[in-house]
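Protein sequences appear in the order of chains A and B.
For the first sequence, our numbering begins at 13 and goes up steadily by one.
For the second sequence, our numbering begins at 407 and goes up steadily by one.
Just to be clear, a hint being listed does not mean it is correct.
What the hints assert, rightly or not - Straight-line distance between alpha carbons at most 27 angstroms, and here's what the computed DSSO-like set of lysine-lysine pairs gives:
(1) B/K664 x A/K56
(2) B/K619 x B/K538
(3) B/K658 x B/K470
(4) B/K619 x B/K647
(5) A/K56 x B/K477
(6) B/K657 x B/K619
As the list claims (entries may be wrong) - Have a look at the derived ranges for each label pair, beta carbon to beta carbon:
(7) B/D566 x A/A43: 45 to 53 angstroms
(8) B/K658 x A/A255: 32 to 40 angstroms
(9) A/T33 x B/T535: 39 to 47 angstroms
(10) A/A52 x B/D566: 41 to 49 angstroms
(11) A/P105 x B/D544: 32 to 40 angstroms
(12) A/S85 x B/A466: 34 to 42 angstroms
I should point out that these hints are in silico values taken from the structure, not numbers from a laboratory.
By construction, the Cβ of each residue, glycine as well, lies at the ideal position given by its N, Cα and C atoms.
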Amino acid sequence: MTPNPKPDKDFPWWLVIVTVTGLWLFYEVWASAVYSAALATLAKGIGITVVVTLIGYAGACILGLGLAMAGLSRFLVLRQAARLYIEVMRGIPIIVLLLYVAFVLVPAAIAAINSVASLPYDVEAKVEVLRTRDVPLLWRAVLALMLAYSAFLAEIFRAGLQAVETGQIEAAKALGLNGWQRFRHIVFPQAFRMVLPPLGNDFVAMVKDSSLVSVLGVSDITQLAKVTAAGNFRYFETYNVAALLYLTMTIGLSLALRRFEAGMRGRVER
Amino acid sequence: MRLTAALAATLSLTALSAVAQDLPDLAGKEIVVVTENAYPPLQFLDASGAAVGWEYDAMAEIAKRLNVTVKYENISWDAMIPAVSEGQYDMGMTGITIRDDRKEQVDFSDSYMTSEMVMMVRGDEARFTDAKSFAADDTLLMAAQPGTTPFYVGVYEVLDGNEANPRIKLFETFGATVEALKAGDVDLVLTDGTAGAGYVDASGGGLKIVGEKLGTEDFGFIFPKGSDLVAPMNAAIASMKADGTLDALNKKWFLDYKMGG
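This is chain B alone, in the form it adopts within the complex (with noise of 0.2 angstroms):
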């Protein structure tokens, strides 16, 4: 995207109060915006069944910037991208991947957030410490949801690139993957650093991180195809990580939010 960077590289030498004159101005236009606020610390409920989260403070701050009203709605995850093609909504966000086959269903944002997956496994385990040795015993299982990020990265870098390797047990949510793995049914659970650092907190001891971080991907809001709002939301997310919004986001909700308190 030579536009973007070069909106960004422009944006960054130009002071804060320029940054709203660049971005195009909507008029207050209502968006219906999709999320399952099931993705900690993207968008969850607080303790006190608040919908929170990154998302959640990035879609104002680009409400703000692009003057625009933002009505929110929940859906499943199972049930997003086909609602979101078919025009149900106009924007869709719970940190999806970027991927190419889903292009031809939706039209995704510039990046926004880059991930990178750990390797969650219970307190005792031994046999295996990194993605390697786990990919070499045969006998090791690893539980995903089908179609997620967690899913993509154990398929093409911990495992063979086979998607239905029967060493991947699939359930219909996270939470199922988690308790999978502490009753011993599988091994290995990827998750982002975060939502691993939770659990592990939430654990006692009955869980724990290890190996390298594994993966990069990148998430994008999804839109209908053809939405008039990719546009628009491209600078707006250009113009929050040239003026450091994104960074301070970052901060907020991976390094000094305490989650599951």
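Just chain A, with the same shape it has in the complex (with noise of 0.2 angstroms):
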């Protein structure tokens, strides 16, 4: 069997059926009390996942580039340290790491914050002590999710700047850039193009993984739908709304995504 050499020019036959489903799915909610009334309910779980799949993977880029240039280091402590990091949170299930963060870890770092604070720097002086519940379940979620996914993305971003030529390098500091600047305008530019299609990957694997937030309680899509079915004992109906949410936010980023992508390409070879 040849492969197929240009399956990117087919015409979306599957972007047709979903559609279809998607339009009979809003059809459905138009038109059904069942299906208006959970989608009114599961829609104010996509402010959470947002914010959660937002937050989480932003800060998941920053750590994880951080990581891969760490694993990159001249200093091999730098570089076992990352490696260590990567390899125990990616052999961790996201749900163990959040229930460890939430029931473990943070309360843990409460618990040294005070500690610490308490230290008696002047008796007189009444120290604030922070409670465990002033950090939100959901800010412990998100803490996790980023954790989790800092991991993934160092990889991604190792992978990416290794990819660059040693060529490259060799010709930049041969004109006399230093490290920052090389970092910066040769190596950096080039190995973000490289990964961008897998860190688009994970963009939506995250707004998929957010649902995970779910297992402490927060009000997120996944949250909503399931105490709405508990409710409303309609679980078909419901899981079916909350389904459409997340296709149509997937699926809408996917070509989002796929269309910078294209963007990019067209910049490079112009």
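Combine the two chains into a complex, taking the hints into account.
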């Protein structure tokens, strides 16, 4: 079997099917009281899902890029520390990490902060004691997703940075660019273009994995679907609406990312 | 609880106006109450998405009587007892069965409700009609959420008291147990009467209730160990039992309210 050389040029029948199904569901939402009530409730979770995804992903990108750079550092300690972090975080299921961060890590961190803050600098000064409940479950969930995804993104960034040809870096050295200039003007722009498709994939995956925060009871789309179905006894309809909301986000995002990549490719080839 | 009984007896004889005077005044203290909104009709989301139910009404009345300000937070059931135990919240409510093993982690209020379970089965089920005939046939399976009232009733009143009995299939949410029942993975789900009736109504003949009511489980609010809220809450619950407020709530949510509308 010879692979088709240009699968990207196929007419997107899949998109037609998805759109038709989506339109049917939107029609149901409009026509059926059960669907529209479910949508009205679940829509309140869109904001939380978006916030969890965006902040979690942005944080994971920054942390992941830092880890990738640490992993390629001149210093053995930094390289090994990055490796340790990545291997451990990648090896723990996100749902386990989520419960661990929420009920072990954050309470421990708060206890540590309090014990440092209550050191007797001034016996008269009453130190405000930080309580675990002051850190909402939403932010603990975002932190956990950020820690988990930073390990995956670090590997993507590392691959991207390593894929830049050594000849490019040598040429930049010959031109007298210093370390930061080489990274900023030569390595990063090329690596960025290479990592964009896998980064986009993980962004879409993060939209879906944001649903894991529901195990803590954070009111995202999934948690609202869970409690809505517990109250209206309509699992099929309620989860249809949840799936519709997620698909609208993920497919919309995929299409936008593909267009963006095509634009980037166009710029390079020009 | 002799004190509560004495209090309740006293209150039932006194006029309503006297009730408020006998209760502690907590001077507007804010208490953070955590719940999941997944246990109709105790707390759930109504058709408009608003959090309502028996426990919300009861807490609103308690707040009035004790002069406290209630702030609600949400958490999943799995995480609730650890979170309350650690003192992250002042109180948890979600129809929690008062059990000795849980008392090692949290303090309970006095019971504010006694729940009875019903047996929910598929509409065409003919192999068993009650708990005894279910237990007798080893091929029959039941589904439950671990650590919940239906789970314990299933273990100790329907089956043989073995919590690891392979005839109990465990699911994370109550909804999943119902879906497993509909799909034929299991043959029985235990639930309290209201939720059972709601599922049967919504199923269009796919589900039915069989057998006698099972188990009597007492529900209490949970508090971090040593909480100073337990005594005032018990006094408020006793006063609401005595003056018929709890009965009125039972009527409103268990008889009059139409679920799944």
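Against the structure, the hints:
Note on B/K664 and A/K56: the hinted pairing holds, with a Cα-Cα distance of about 24 angstroms set against a maximum of 27 angstroms. With a CA separation close to 12 angstroms, the supplied pair B/K619 and B/K538 stays within the 27 angstroms bound. At most 27 angstroms may separate the alpha-carbon atoms for a hinted pair to count; B/K658 and B/K470 meet this at roughly 19 angstroms. Taking the CA atoms of B/K619 and B/K647, the gap is near 23 angstroms; set against the 27 angstroms cutoff, the hint holds.
Between A/K56 and B/K477, the direct Cα distance comes to roughly 20 angstroms. Compliance with the 27 angstroms bound is thereby established for this hinted pair. Between B/K657 and B/K619 the CA atoms are separated by roughly 19 angstroms; this keeps the pair inside 27 angstroms, and the hint holds. As the Cβ distance of B/D566 to A/A43 is approximately 50 angstroms, the hint placing it in 45 to 53 angstroms holds. In this structure, B/K658 and A/A255 meet the distance hint of 32 to 40 angstroms, their C-beta atoms being roughly 35 angstroms apart.
Hint check: A/T33 to B/T535, Cβ distance near 42 angstroms, so the stated range 39 to 47 angstroms holds. Our hint of 41 to 49 angstroms for A/A52 and B/D566 holds, since their Cβ atoms are close to 46 angstroms apart. Range check, A/P105 to B/D544: Cβ separation about 34 angstroms, and the 32 to 40 angstroms hint holds. Roughly 59 angstroms separates the CB atoms of A/S85 and B/A466, a value that falls outside the hinted 34 to 42 angstroms.
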